[in-house]
Amino acid sequence: MFERHRDRHGLWILVFAAAYGLLAAFVENSYYQLVMAVVLVWAVMGLAWNLLSGYSGLISFGHAAFFGLGAYFVVLAQIGWGLSPWLGIPLAGVLGGLAGLIVGVPTFRLRGHYFALAMLAYPLALLYVFEWLGYQEATVPMMREAPAAYMQFADGRLYVFLGLAFTVAAMVLTRALERSRYGLSLLAIKQDETAAEAAGVDTLAWKLRAIMLSGAVAGAIGGFYAVVQLVVTPLSVFGVLVSAQALVIAMFGGVGTVWGPVIGALTLVPLSAFLDAELAAILPGVQGVVYGVAIIAVVILAPEGVFWKAKDLLERRRMRVPAESLAAAPESPPHAFKVPPREGNAPILQVRGLSKSFGGLQAVDNVDLDVRRGEILGIIGPNGAGKTTLFNLLNGFIAADAGQIVLNGETVTRKSPNKICRRGIGRTFQVVKPFRRMSIGDNVIVGAYAHTQSDDDARAIAHAAVAAVGLSEDAGRLAGGISNKQLRLMELARALASKPELLLLDEIFAGLSGTEVDELMVVIRRLAGLGITIVIIEHTMRAMVQLVERFVVLDHGAVLAAGTPQEITRHPAVIEAYLGKKWLADA
Amino acid sequence: MSPAQHVENFLQFLTAGLLTGAIYGLMCVGLSIIFGVMRVINFAQGEFMMIGMYVAFYFFAFTGPYIVLGDFIAPYLAALVAGPAVFLLGVLLHKALVSRVTGIGSTVLDSEGHYAQLILTLGLSLVLANGGLVVFGSAPVSIATPLSSTPWVVGPLYGEEILLFVNQGQTIAAVIAVAVVVAFGLLMARSRLGRALRAAADNPQAAVYMGIDVDRAYRIAFGFGVGITAIGGGLLASSHPFQPYIGIEFVIVMYAGVVLGGLGSLSGAFFGGLTIGLVQQLSALFLPNQLQNTAIFVCFLLIILIRPDGLFGRATRRA
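Quick note, the sequences are listed as chains A and B, same order. In this text, residue positions in the first sequence follow numbering that gives the first Met the number 0: the first is 0, and each later residue adds one. In this text, residue positions in the second sequence follow numbering that gives the first Met the number 0: the first is 0, and each later residue adds one.
You may find that some hints are simply not true.
[Claimed, not checked] What follows is a list of derived Cβ distance ranges for each label pair:
no.	chain 1	residue 1	chain 2	residue 2	range
1	A	L82	B	L284	50 to 60 Å
2	A	L300	B	G210	52 to 62 Å
3	B	G154	A	L82	51 to 61 Å
4	A	L278	B	A138	18 to 28 Å
5	A	L312	B	V177	52 to 62 Å
6	B	F285	A	A24	38 to 48 Å
7	A	P283	B	F285	29 to 39 Å
8	A	S453	B	F285	49 to 59 Å
9	A	S453	B	R215	48 to 58 Å
10	A	W131	B	N8	41 to 51 Å
11	A	V104	B	F285	26 to 36 Å
12	B	F285	A	G480	28 to 38 Å
13	B	Y65	A	M141	34 to 44 Å
[Unchecked claim] What the simulated footprint calls covered on chain A by chain B, stretch by stretch (three residues with Cβ under 8 Å from a Cβ of chain B suffice, anywhere in the stretch; the number is not a length):
no.	region
14	85-94
15	109-117
These aren't lab readings, by the way, just hints derived from the structure by calculation. Bear in mind the structure is a predicted one, so any value in this text is a computation, not a measurement. We treat Cβ as the ideally placed atom computed from N, Cα and C, and that holds for glycine.
Assemble the whole structure, with the sequences as input and the hints as a guide.
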């Protein structure tokens with residue numbers, strides 16, 4: 000599970016390129032040559048879209064913005080400055096990347112529907128701007144002196160070969176990123192952005208990298224498209240159909256894989272070219288109808304795309320994850336998670352005057368709290384006492400109205416969750432947040448990224464974290480299909496993999512049977528033995544009395560009492576008001 | 000220009016903005032019903048509007064000459080006829096396609112469910128727009144009523160200097176638009192059907208337990224949504240030439256309005272649409288014509304970036 004996968008995709012990419020190139024070499028008809036080149040343009044465009052939307056799940060309806068900017072840049076730079084496309088296309092890529100950054104910074108504040116809609120507006124706004132600027136039709140000037148220096152060839156096959164070079168480059172790039180930190184971080188974002196953030200993934204930074212990369216590829220291929228087509232109009236490069244085509248090609252073939260966009264382009268582009276050539280005179284618009292029908296059919300019949308559908312059929316088992324042995328992977332020893340001792344007796348976490356209200360509800364009210372280094376602290380209180388809100392404040396999901404949080408002497412009050420994670424606070428969730436489509440091992444690897452820059456180290460740390468919670472046997476299983484106990488352990492391992500000094504466990508025993516609770520407690524004690532400070536939320540005391548050294552009781556957002564289990568269980572106000580009368584009898 | 004001319008210009012565009020805005024408001028209400036009840040973003044809304052325009056156009060062409068005062072009454076009658084026609088189309092398409100990716104089964108949506116809806120309706124939009132091109136041809140048409148070139152003249156005001164021209168056709172269209180919005184608002188507030196729709200919108204699970212056929216409620220909401228937008232399209236058809244690709248421009252206009260008013264709120268959607276109409280027309284005061292739509296897009300982007308819950312919406316809690 001944790002070793003590097005041997006990659007046979009590289010070989011397949013070569014086979015594909017050789018076959019396509021060979022086919023192109025024998026095509027004499029210049030129209031077919033053009034179609035073959037355009038197929039590759041759209042394959043790369045689909046790959047560009049996939050780099051952002053396929054992996055991160057943030058659907059872009061606006062990739063035409065990058066494509067169009069690239070196309071216009073190459074043409075206008077050649078007209079205005081005599082810049083050759085050999086230079087213009089790489090610069091178009093830079094421009095596309097910059098555009099991605101400019102678009103991404105404001106737009107990533109939006110999620111879901113809003114993101115998709117906002118992305119739609121960018122190319123449409125640009126379309127009208129380019130029309131207004133008077134570029135209704137920009138034509139690449141012919142360079143009869145030195146055509147090759149300006150990427151102008153009499154033989155259309157050369158465009159196919161160039162397109163093939165682009166495609167192979169985009170495929171190799173995608174493939175390299177897919178199994179790396181990039182791919183796993185984006186997949187984690189796609190499945191649960193909140194959990195990714197808590198696991199130390201800087202979600203905004205990853206999304207920005209993704210849109211810049213995606214925009215750069217789209218910009219460059221837009222520039223190449225202009226060279227192939229010779230004429231650029233606002234509608235042909237900024238139009239909705241451009242964005243739609245990128246999306247359809249990737250979705251049709253299958254997202255989140257290097258092959259999907261290629262399959263999509265190889266199928267749909269020739270089909271629409273054929274329809275356009277045969278029927279456009281009689282039935283204009285038939286091309287759009289075919290695309291629309293293809294989209295509808297894919298969403299209803301094979302929402303995962305042709306590649307995944309075919310793979311499922313071939314493997315006869317859905318979502319099969321190969322059971323790989325753990326023994327092959329290097330493993331960091333468990334003491335890798337040992338927290339180095341610090342000088343002095345200062346509390347690891349100091350909270351002063353922390354307050355948060357939602358509308359009229361004071362969820363957390365002027366809370367003071369010291370967490371001692373190395374202790375196991377229980378926070379209890381009835382439902383609605385503000386326990387989870389307190390955790391959300393501590394790990395940065397919500398911003399406090401007032402107050403201060405100091406971790407190891409450093410104020411972390413308004414830091415983002417991923418930064419707080421990197422500074423040593425890990426957490427689990429009341430309702431488990433697994434990355435369902437990823438294996439247990441991959442879930443934990445994402446957590447390990449917070450601690451190390453090296454992907455190999457991340458694997459080793461994840462391996463050790465999985466072993467530390469006793470899940471080694473199951474590391475290859477998909478998180479979508481494991482038991483509640485395993486999910487709890489997996490979240491614990493994911494938090495552990497970021498090498499935290501302080502772990503926040505939110506109702507980690509919820510829904511577990513008595514024996515399962517005992518097993519989990521053994522694991523938690525083992526972690527405490529490594530010097531990790533642990534804070535657990537529960538609303539009952541029963542399991543906690545055996546585990547924790549100290550309790551803090553919350554009610555209506557405020558601290559009601561604090562002390563050892565013995566003190567708290569005998570505290571009359573606590574017993575009667577917050578734990579119910581039956582505890583009076585037990586105590 | 001003298002100051003009085005500036006004022007005249009401003010008032011002229013303000014009037015035009017209010018009149019088009021009322022129709023935009025109606026279209027936005029249609030879109031908002033679909034989002035409010037089904038939580039589905041319907042990308043094909045602009046194409047349903049376009050079909051409404053063509054239904055009105057053909058209804059007018061074939062029946063106009065046989066109706067008393069046909070040139071004056073038939074355009075508005077045609078717009079109202081477009082409503083039920085597109086309602087039926089919407090119900091059929093919902094049953095055949097949209098319900099497969101929405102409905103009660105997808106109320107506990109993961110993000111992938113959302114995307115299936117978005118993408119399905121994007122596909123529908125492509126089929127309808129390009130199918131429209133095949134069926135209706137690409138030449139722009141419009142419904143010719145003598146009213147759309149006859150203004151009422153207000154004034155002269157302010158010492159003979161200001162003359163305001165109010166287009167009669169557009170004014171009647173705007174009045175009908177407001178009437179339809181009010182009628183639909185009453186339907187939602189008072190009727191049994193309205194209660195069922197609101198219940199299904201509020202909590203589909205609970206509505207099912209209360210014996211409400213939520214899938215039917217969704218189907219009807221989808222039909223109402225596209226039908227109402229189609230009436231808006233029909234009303235616009237007498238002042239705005241159109242062709243099968245017109246939908247995509249308006250889908251942004253509609254989303255801008257709906258987002259401005261806060262996704263899901265009917266009255267918010269109407270005033271959002273009205274505001275967008277004003278922005279579009281008033282931008283003509285300082286922007287070239289071609290950039291009017293860019294002004295809307297920029298306005299749209301600003302709204303969703305600054306206040307994703309809408310100007311009139313309440314701020315929602317995150318995380």
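Results for each hint:
no., hint, verdict
1, A:L82 x B:L284: 50 to 60 Å, "violated (39 Å)"
2, A:L300 x B:G210: 52 to 62 Å, "violated (33 Å)"
3, B:G154 x A:L82: 51 to 61 Å, "holds (57 Å)"
4, A:L278 x B:A138: 18 to 28 Å, "holds (19 Å)"
5, A:L312 x B:V177: 52 to 62 Å, "holds (56 Å)"
6, B:F285 x A:A24: 38 to 48 Å, "violated (57 Å)"
7, A:P283 x B:F285: 29 to 39 Å, "holds (37 Å)"
8, A:S453 x B:F285: 49 to 59 Å, "holds (56 Å)"
9, A:S453 x B:R215: 48 to 58 Å, "holds (57 Å)"
10, A:W131 x B:N8: 41 to 51 Å, "violated (21 Å)"
11, A:V104 x B:F285: 26 to 36 Å, "holds (27 Å)"
12, B:F285 x A:G480: 28 to 38 Å, "violated (60 Å)"
13, B:Y65 x A:M141: 34 to 44 Å, "violated (59 Å)"
14, 85-94, "violated (count 0)"
15, 109-117, "holds (count 7)"
The structure does not agree with the numbered hints 1, 2, 6, 10, 12, 13, 14 stated previously, though it agrees with the rest.
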